[in-house]
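Peer 1: Protein chains in written order, with the numbering used here: chain A, 1 to 245; chain B, 246 to 596.
None of these hints come from the bench; they were simulated from the model.
Treat the hints with care, since some could be wrong.
[Stated by the list, open to error] Not everything, but these chain A residues come out facing chain B in the computed CB check (under 8 Å):
1) R60
2) A78
3) F79
4) A108
5) A111
6) F178
[Claimed, not checked] Quick look at which bits of chain B chain A covers, simulated, 3 or more residues with Cβ under 8 Å:
7) 449-457
8) 469-479
Quick caveat, the model's predicted, so the values are computed rather than measured.
Glycine included, each C-beta is placed from N, C-alpha and C at the ideal position.
Each chain is listed here by its residues.
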Amino acid sequence: MATEPGDVVLRAERLSKRFGGVVAADRIDFALRRGEMRCVIGPNGAGKSTFFSLLCGIQRPDSGRVFLKGRDVTSLPAFRRVRMGLGLTFQTNRAFHALTVAENLETARRAGGTGGDDVHFRAAHEAFGLGPAAGLAARELPHHQLQWLEICMALRRGPDVLLLDEPTAGMSPGETMFTAEVLQALAKDGLAVVVVEHDVAFVRRIAESVTVLHQGAVFAEGPIEVVTQREDVRRIYLGRGREAA
Amino acid sequence: MMRALRLLNGPHDLGHGAIFWSGMAVLAAAFLAYPAIASAFTATNTAYYLLNIPMALGLSLLWGYGGVLSFGQVAFFGIAGYAYGIVAGNLQDVAWGTPIAVVAALVAAGITAAVFGYFVFFGRVAAWIVPILTLVLALLLSTFLGLTAGYEWAVGQVQLGGYNGMTGIPALQVGGLTFQDYPFYYLVVGVTAVAYLALRVWVNAHRGQVLLAVREDALRTELLGYDVRLEQLRAFVIAAVLAGVSGVLYVQWGNYITPSSMGLQQAALPVIWVAVGGRDSLLAVVISTFLLNQLSYALSSAGNQSALVIIGALLVAVMMFAPDGIVVGIARARWWRRRARARAAEGAHGD
Chain A
1 MATEPGDVVL RAERLSKRFG GVVAADRIDF ALRRGEMRCV IGPNGAGKST FFSLLCGIQR
61 PDSGRVFLKG RDVTSLPAFR RVRMGLGLTF QTNRAFHALT VAENLETARR AGGTGGDDVH
121 FRAAHEAFGL GPAAGLAARE LPHHQLQWLE ICMALRRGPD VLLLDEPTAG MSPGETMFTA
181 EVLQALAKDG LAVVVVEHDV AFVRRIAESV TVLHQGAVFA EGPIEVVTQR EDVRRIYLGR
241 GREAA
Chain B
246 MMRALRLLNG PHDLGHGAIF WSGMAVLAAA FLAYPAIASA FTATNTAYYL LNIPMALGLS
306 LLWGYGGVLS FGQVAFFGIA GYAYGIVAGN LQDVAWGTPI AVVAALVAAG ITAAVFGYFV
366 FFGRVAAWIV PILTLVLALL LSTFLGLTAG YEWAVGQVQL GGYNGMTGIP ALQVGGLTFQ
426 DYPFYYLVVG VTAVAYLALR VWVNAHRGQV LLAVREDALR TELLGYDVRL EQLRAFVIAA
486 VLAGVSGVLY VQWGNYITPS SMGLQQAALP VIWVAVGGRD SLLAVVISTF LLNQLSYALS
546 SAGNQSALVI IGALLVAVMM FAPDGIVVGI ARARWWRRRA RARAAEGAHG D
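Start from the sequences and build out the full structure, keeping to the hints where you can.
Peer 2: Next comes the structure, spelled out in structure tokens:
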């Protein structure tokens, strides 16, 4: 299933999910095109993580649908969506510590499904300079390299869409900016990237467009300069302290 | 061939390099030469200490490498033992009757595990429930077979025998060779060695790495595109077939099997052997299974009623003082010391 630049590769239609009385996702509509870099932002508890897990299939929505490359994947388990071309990393670091760097990448490479072009993987692997660490056990890597390893694992089979949940959490400012550059280069090469993030400085650095979630629903969407200037968007970020009080 | 050798020496078990494998070769030679100095009775006893090793190795794969604890491996041990007895007993006049019975026994254990495991793993049963479900399977089988006293409980010519068990099970016979006494000893040594080496290759090959990945983080593995349920089911079936191998060897040894071989006491033993040695090392499990079987046998044949209590106390002590297992604990302590020394002499020497 080849996709052209500008094609919608990932789409959500009125996704909803409740946990007891809490509405974690409220009729979210979302569309991501090939080559697009989109940040999903919002204050803590806005539903970013729920949205992420609904997209990748860790959780099933109560209603609404998810389409990957035009196919309805709402009822498919996570591993099938991954095999169809979704690559992702988690908020917390989850490379396999008992395996070496090379084994981690090999495990990612040999997962089933139709492997796409690994050009993005090669570019990222080269940029992050993981080659010399191949023989090290993953647990011996410093934190930022583990994050990079995870991004490389997610790219290993040539996905069409890369979903990253706070990819630079815990990195130094220098490492964060470098990661941003690499991700931007990947998007320029045609990869569709979604970054779930709350670090606004990082978001400003990488995104052209943002989706703002608030109380489980899409609050605002559009070009980053426009959205972050909006008074109501600023208020939900700044108003967090008042809500908590 | 070279690839298999490289995998054999791979990182996911203790013991690497020329010195280790030379030691293993010497050990193998000693086991092969042992009948020269041992009576048939002693050799058969030694075989008895060894014959549970395949079952323990299977549990090590499933639990130590795969992170799935089964408390009911004896169910598959028993299924294979009974199935062998039923098929071999009914094919007494057939030339290849007993080898057919071996195959039937292992297939029975494997199919039971596949069906049972399908519901457990594809039903996404929570990890902590799996030991309970497997134990229940073993206890149900044990209880059911205990009820099969009386002539109406027979399969063909073979009586199931209730709590007294099935007796007079024919020994394996291939051509003119009957596997009793020394041939039985060699059979057990050979099967044990093959099981160990094959699993060592397996855990260092791709499927073994995936299994380790599942143990480390099942969700992460799934989100790389693996069907975690299938990986766990595969390990479960392999472990069950290996338990079946031990079951078949066991009925060769005593020519009988009783429902208590699937009872609560027996169900606990494989878990103890594996935990005491170190569940994530095949080598450690081989060593501890051999020694603990010898210890239990020595204690109970010396008239000691509390063999099981002593073995159980050993488990508690190990869990408290060496939670990775005794053999693995010792090996890791040595490894850390060597590493610390290497760090101290940093730069001066190559690794």
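Peer 1: Are the hints correct? Go through all of them and say.
Peer 2: Hint check results:
1. Proximity of R60 of chain A to chain B is violated relative to the hint, the smallest CB-CB distance being about 13 Å (cut-off 8 Å).
2. Hint status for A78 of chain A: holds, given a least beta-carbon distance of 5 Å to chain B, under 8 Å.
3. Residue-level restraint check for F79 of chain A holds (minimum Cβ-Cβ distance to chain B is 5 Å; threshold 8 Å).
4. Contact between A108 of chain A and chain B, as hinted, is supported at the beta carbon level, the nearest pair being about 5 Å apart and thus within 8 Å.
5. Restraint check, A111 of chain A versus chain B: the minimum CB separation of about 3 Å is within 8 Å; hint holds.
6. For F178 of chain A, the interface hint is violated, since its Cβ never comes within 8 Å of a Cβ in chain B; the closest pair sits about 24 Å apart.
7. Counting residues of the segment 449-457 of chain B whose CB falls under 8 Å from any CB of chain A gives 4; the rule of at least 3 is met.
8. Figure legend: the segment 469-479 of chain B, annotated as covered by chain A; annotation consistent (5 residues with Cβ-Cβ distances under 8 Å, at least 3 required).
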